[in-house]
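Engineer: Turn these sequences into a full structure, and let the hints guide you.
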Amino acid sequence: MSDSEDEPSLRERVEKWLAREMPIIQMHGGTSAVRAADPETGEVVIELGGGCKGCSVSDVTTGNIEAELITWPEISEVTIRVPDARDSLGGPDQPESIMGVDRTEGGRGDWGSSNPGKDHL
Numbered sequence: 005m006s007d008s009e010d011e012p013s014l015r016e017r018v019e020k021w022l023a024r025e026m027p028i029i030q031m032h033g034g035t036s037a038v039r040a041a042d043p044e045t046g047e048v049v050i051e052l053g054g055g056c057k058g059c060s061v062s063d064v065t066t067g068n069i070e071a072e073l074i075t076w077p078e079i080s081e082v083t084i085r086v087p088d089a090r091d092s093l094g095g096p097d098q099p100e101s102i103m104g105v106d107r108t109e110g111g112r113g114d115w116g117s118s119n120p121g122k123d124h125l
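First residue of the sequence shown: 5, per the numbering used here; consecutive thereafter.
Fair warning: there could be bad hints in the mix.
[What the hints assert, rightly or not] Across the chosen pairs, the derived CB separations fall in these ranges:
| no. | residue 1 | residue 2 | range |
| --- | --- | --- | --- |
| 1 | D10 | G46 | 13 to 23 Å |
| 2 | A40 | D88 | 13 to 23 Å |
| 3 | Q30 | I74 | 19 to 29 Å |
Hints in this document: simulated from the structure, not taken from any laboratory.
Beta carbons: idealized from backbone N, C-alpha and C, even for Gly.
Structural biologist: Here it is as structure tokens:
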């Protein structure tokens, strides 16, 4: 087995960096997912969701992520997607969020908890 096979992939390194250096995303109810990390083209695509949608400082967060990742020698292009606050998830009948995660899975962002309705307290 060669040394390169023992090293984490670009995707894994970006994911670890996001978790370590950008805990503010999760602290504010946001999510992050590395959608693409191609070491041959140097393209990295990150999608932010959850509390990042409509957040007034999401531009600062995306700018900080881009500023750091573009300094990595193997990364030449960084794209960060954040859903617009005007985009609708489609209500409780929509099975997937913008990020493609089942909103009912494990209580993460299911419709009831993110939009409890008028009967809630």
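Engineer: Using the C-beta atoms of D10 and G46, is the stated range 13 to 23 Å upheld?
Structural biologist: For G46 against D10, whose Cβ atoms are near 22 Å apart, the range 13 to 23 Å holds.
Engineer: Can the suggested window of 13 to 23 Å be confirmed for the beta-carbon pair A40 and D88?
Structural biologist: holds, 21 Å
Engineer: Given the hint of 19 to 29 Å, check if Q30 and I74 actually sit that far apart at their C-beta atoms.
Structural biologist: With a Cβ separation near 23 Å, Q30 and I74 satisfy 19 to 29 Å, so the hint holds.
Comparing the model with each numbered hint stated earlier shows that all of them hold.
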